[in-house]
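*Asks:* Guided by the hints, dock chains B and C with the ligands onto chain A, whose structure is given.
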Amino acid sequence: MEQILLKGLDGDRTWRLADYEKRGGYAALRKIFDEKMTPEQVIDEVKKSALRGRGGAGFPTGLKWSFMPKNYTGAKYLVCNTDEGEPGTFKDRDIMRYNPHMLIEGMIIAAYAMGIPVGYNYIHGEIWEVYERAEEAIDEARAAGYLGNNILGSGFSFQLHNHHGYGAYICGEETALLESIEGKKGQPRFKPPFPASFGLYGKPTTINNTETFASVPWIILNGGEKYQALGKPNNGGTKIFSVSGHVNRPGNYEVSLGTPFAKLLEMAGGMRGGRKLKACIPGGSSMPVLTGEVMMELDMDYDSIAKAGSYLGSGAVIIMDETVCMVKALQRLAYFYYEESCGQCTPCREGTGWMHRMIDRIESGKGRNEDLDLLLNLSDNIQGRTICALGDAAAMPVRSFVKTFRDEFQYHIDHMKCMVPASS
Amino acid sequence: MTLSAESLVKIDREIAKYPADQKQSAVMSALRIAQMEKGWLAPETIAFVAKYLEMESIAVYEVASFYNMYDLKPVGKYKITLCTNLPCALSGANDIGGYLKGKLGIGFNETTPDGKYTLKEGECFGACGEAPLFILNNVKMCGSLTPAEVDKILAELE
Amino acid sequence: MLEIEIDGKPVSVPQGSTIMDAAGKVGVYVPHFCYHKKLSIAANCRMCLVEVEKAPKPLPACATPVAAGMKVKTHSQLAVQAQKAVMEFLLINHPLDCPICDQGGECQLQDLSVGYGGVESRFEEEKRVVSNKNLGSLISTDMTRCIHCTRCVRFGQEIAGIMELGMGGRGEHSEIMPFVSRTVDSELSGNMIDLCPVGALTSKPFRYSARNWELSRRRSVSPHCSLGTNISIQVRNNRVMRVLPVENEEINECWISDKDRFSYEALNSAERLTKPMIRQGGEWREVDWKVALEYVARGLKDIVSAKGAAAIGALATPHSTLEELHLLQKLMRGIGSENIDFRLRRSDFRVKSEGAPWLGMKISEVSQLDRLLVVGSHLRNDHPLLANRIRQAAKKGLEVSFINPSEDANRISAKHIAAASPDRIAQTLGGVLSALENTSDSKGVAADIAKSLASGKNVGILLGNLATNHPDASAIHVLASKIAARLGAKFGFTGEAANSVGGYLANALPGKSGLDAASMLKDPRHAYLLWNAEVELDCNDPQAALAAMEKAEMVVAFTSFSHKACEYADVMLPIAPFTETSGTFVNAEGRAQSFAGAVSPLQDTRPGWKVLRVLGNMMGVAGFDYEDSKQVLDEIDLSSSRLGNAPDGDCAAAEPVHGLQRVSHVPIYSADSLVRRAPSLQNAALAAAPAAAMNAKLLAKLGIEDGSPVLVRQGEGEVSIHARLDEGLSDDCVAIAAGHSMTSNLGPMFGQIIVERL
Ligand SMILES: Cc1cc2nc3c(=O)[nH]c(=O)nc-3n(C[C@H](O)[C@H](O)[C@H](O)COP(=O)(O)O)c2cc1C
Ligand code: SF4
Ligand code: FES
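Chains as they are written, first to last, in the numbering used here: chain A, 1 to 424; chain B, 1001 to 1158; chain C, 2001 to 2758.
Please keep in mind that the hints were generated in silico from the structure rather than gathered at the bench. What you are looking at is a predicted structure, and each value in this text was computed from that prediction instead of being measured. There may be inaccurate statements among the hints.
Partial list, derived from the structure: chain A residues whose beta carbon lies under 7 Å from chain C [unchecked claim]:
| no. | residue |
| --- | --- |
| 1 | Phe190 |
| 2 | Ser341 |
| 3 | Gly343 |
| 4 | Gln344 |
| 5 | Cys345 |
| 6 | Thr346 |
| 7 | Pro347 |
| 8 | Arg349 |
| 9 | Glu350 |
| 10 | Gly351 |
| 11 | Gly353 |
| 12 | Lys366 |
| 13 | Asn369 |
| 14 | Leu374 |
| 15 | Gly384 |
The beta-carbon is built from N, C-alpha and C at its ideal position, and this holds for glycine as well.
Chain A on its own, in the form it takes in the complex:
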């Protein structure tokens, strides 16, 4: 199976520039300059590739790039979202650890396509070693003439800097991330205006996920159509799935979009201890949970998973076997959203706390009969009513867990204990 992002990363210093160049690195950038590709042509290739944002929302990347004002003369910014914090997701960390130049090259190309002179890569707080490595990579690229003024003699200039986060899931949300770069609390902004018109420091800004940018060099080098063909129509290319939980070999697996879930599970070594797949969250903890049976029939691409009632999200596949108590699982997730709500808007600030406390109560055997419907009603009252999608992210797991595994929740209420034996 074709790999793009994780290909050839078995050497011991794959993150160094020399190694990347040996693997064909920066050839795409050179191609653009050598063949005098215009920015429009670059965006066209990305459009043809059917590359969709890998950060969670799956928005078509080429289309997003075309929103940037073209004849705008003031400052514009390019921002990479390496604030990977969606529980279950750990792909961007590996891209940055082992293949940082691919991200840098992708960002340079994106900057060229949108005429952007300055970029920032926002790196998740907890991965300090990655930040240090990213700083080194930028230094290397700058020294080699890939970053800075007049890149490779092309006349195009682009400055790139890393910005280190310090522990706030919400900064993965793109406007919270911008606020954070501006030196404020990471509280999301109301949209509109969208970043393409009012972004970093109020200037037009494009934000993409690490994996999204890193996919771009290959697209330029091999053509958008070829990339698209790696996956499915409207679901172009390959995608890294971070498989965690009850599998034998948790880890990142880059596969073509549309690969059957069963195949991915097999790549991850199958279920730990040969146990039964009870449930799976296919796209990071914010996405609705699916039962094992539904999951086993699915192909791993945006459209297929959406049809089954969940989302591909960030590609974090959380595997739960039959020993998992779904009340306990949801309890931990609800706590997470409660802890990570930025606190700005009412439904999320108050609602996540309320839900978390109720689920705590149910888990500890103090649930009331009306609690389950109340939980569903609260998720309705949060979802779609908040400034950013964290509200939705907090509501979707609650709704899907309660709906899909209602009997387990009811059992907790009725019997004041767990129906799953030996759950951990």
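*Replies:* Here is chains B and C with the ligands on its own, set in the frame of chain A:
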């Protein structure tokens, strides 16, 4: 209250990343650098950073109190932050948590009486593939933990 | 313009409007908490969710821009359900004890919850408790009630120009707080109380003293600065309980400053003079009005016949009403004296304005300027709301430059600041003028200012209190008006007090043969009539003033308060403060605003105009038969043609002085007799004891440390105060507050001074 010359050089390097009129963008780094030097962020330290970046102290405090990894109270020499989020929990994080609590004799958000260790619970580090895992002093990720592995890491800190 | 529909009503609004704007236009009320027309849009409370046709989810009216053809439903089932859900979320952690909350009866949450709250709470968990914060003497907190709308935080950042409150923490743990144990010290802080939609921030002085529905409301005008701020005086049992703003977009918008809000405390102070008093044989004796006034009339007549009328002088403060000022000058002229003045803090009277010096433009026109030069003004201290207007205009592109003794930009984002010691202000202005005249490229900040001004289309030049009270005020006036003429700029004076323009219109000024305020003190009179004036605090040179009072044969103090005049006066007569009399203030833009008394006069206090009416009649002066104060007002020509700022002559700038010089401003809570007696204001940070402020270089030169005690000598007197570092001052200046009892042993507001370490 001031920071070491070395820390100030580091902060200046961060300031230089942003447009000249956007010094405030360096506040997160400045707080991180200050915390690394001082161990935690005392009000005087926050006020110093505010002055250095020409910000209001409360604006810096907002930042310092918003992000998890800043410590607004003194912590032990070694701060251990264990991820207990769902993917990690599925891979045994709670067992490691229990093991750490037993071994250090403290609960989450507590510091050993000798001031050596602080134990904290963290949210997803974006490294679930190596669960269970903790970060040491905000900078070192220690993954694939087993009780034996924990013993080894702590022994090296003695 | 975009055509849209709100609840079926068609409305057309300009591009960029929000649904909230459009709803306001057709009179549709959309419930809200965080939205405030003067603050940035936060869209965080989510109370204003409305249904928009074709939108998949309800949208916040406050933040959603209208699009052509939009159909909005603010009361549809979807909208109301969304609003109810938000209300439920807001209430789960909010105490439901309105009867014991100070905001009860005027709480937006309470009002809206009546319409939206569910009957029974579905919330079974424990409610959040948030610790209270000490924000100083003016704002009381009950932080558990906070609904995180961030209006107070945005107010600080955006209106007050300083972020003193923030929202610390995250998520449900977020709390509104100051940094560590700091207080909220802005001169506009009280507006946060009005902005807070719940009972989290309430008025400390007013706390638990009355319920909203027990109060009757009287419209009035603030008696402090020259803006003429519109206020509502709220009364219970003939006692002023509190003061709130009355919105007037052309003047104070929806704000009032803290002194406008809290100075009412003085009205109920124990220092009120409540009975006429006469000193006999060194003892003060309470007498009735008739006795007192007859005593005064007799005394004045005796002096007129013995020494001539010119032996009598009258000094009034510009905080007095127009009617009082008019009658006082009429009385003086009636007995033959031209010695009357209300410009007590001025010292240079060489050049006059052709008319009453005024702002030179409407207050609202300040917001339209694109360039502004402010000369000699501690704007934020002297005119808090004018400063705010300029602050907001500066955010929208107005380039503001200052020529001031310090670099303090008054929390306005200034283009240029020329920090010039007082003796160099005129020089700096001269520099601006010659930069404008010369085509040769001059450099320096004066040239920068000139360049900024010259690039504007709608330019303004304002002279502040410091410029007016300056010993070289005439030269400053002449130079500034030349610059204005050259640029075609609007030119004016900020005016010191509520009736700084009114005093001119009332002609409370010396006539040709008369003496101005400074001369009346330098060249002491035999008798003085003091109208509201506490001479050692209200005059430019307290030493000269007190010396003159002590020497005088007869001093009559017309005053609302018992004050230092007890030591030198012969008669003290209780006249009504602005809440107990009808009257008129003419604000800086020349707008006369009359008000009625809000309460009846305290004990034997009498409205000033009535006192003068009786005195006029007793003195046998014609034309004192008024039936009401309106008749007094009718005698005064208020036509705008009487305003005029052009100087009536030329005047060269004085040579710079040598050695240390004093620069002073009157601290905000020292400026008049009311603020001086409002305990909450006196306990606020802005009422800190006067210090001798110097820059680091000067401190070092004098061997003085920041905060250490120093001896300051000026003229005959000396005071010991503490030194304070102020980096914005120039090398030869010591800033020492005037108008304060701690510095009233010193001489004039400006001039040479000696500072020694103690
Ligand atoms: C609560 C929340 C958390 C998010 N976290 C991340 C994240 O960790 N990484 C990321 O790339 N995008 C994250 N996103 C999505 C971003 O807002 C944004 O859509 C994305 O970075 C755009 O990049 P893409 O188009 O390349 O996917 C998050 C969104 C929300 C609402
Ligand atoms: S939904 Fe939650 S995280 Fe997003 S802005 Fe509102 S409070 Fe903040
Ligand atoms: S008023 Fe619109 S969200 Fe608060």
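*Asks:* Evaluate each hint against the coordinates.
*Replies:* Hints, verified against the model:
{"no.": "1", "hint": "Phe190", "result": "4 Å, holds"}
{"no.": "2", "hint": "Ser341", "result": "4 Å, holds"}
{"no.": "3", "hint": "Gly343", "result": "4 Å, holds"}
{"no.": "4", "hint": "Gln344", "result": "5 Å, holds"}
{"no.": "5", "hint": "Cys345", "result": "5 Å, holds"}
{"no.": "6", "hint": "Thr346", "result": "5 Å, holds"}
{"no.": "7", "hint": "Pro347", "result": "5 Å, holds"}
{"no.": "8", "hint": "Arg349", "result": "6 Å, holds"}
{"no.": "9", "hint": "Glu350", "result": "4 Å, holds"}
{"no.": "10", "hint": "Gly351", "result": "6 Å, holds"}
{"no.": "11", "hint": "Gly353", "result": "4 Å, holds"}
{"no.": "12", "hint": "Lys366", "result": "9 Å, violated"}
{"no.": "13", "hint": "Asn369", "result": "12 Å, violated"}
{"no.": "14", "hint": "Leu374", "result": "6 Å, holds"}
{"no.": "15", "hint": "Gly384", "result": "4 Å, holds"}
The structure is inconsistent with the numbered hints 12, 13, although it conforms to all the rest.
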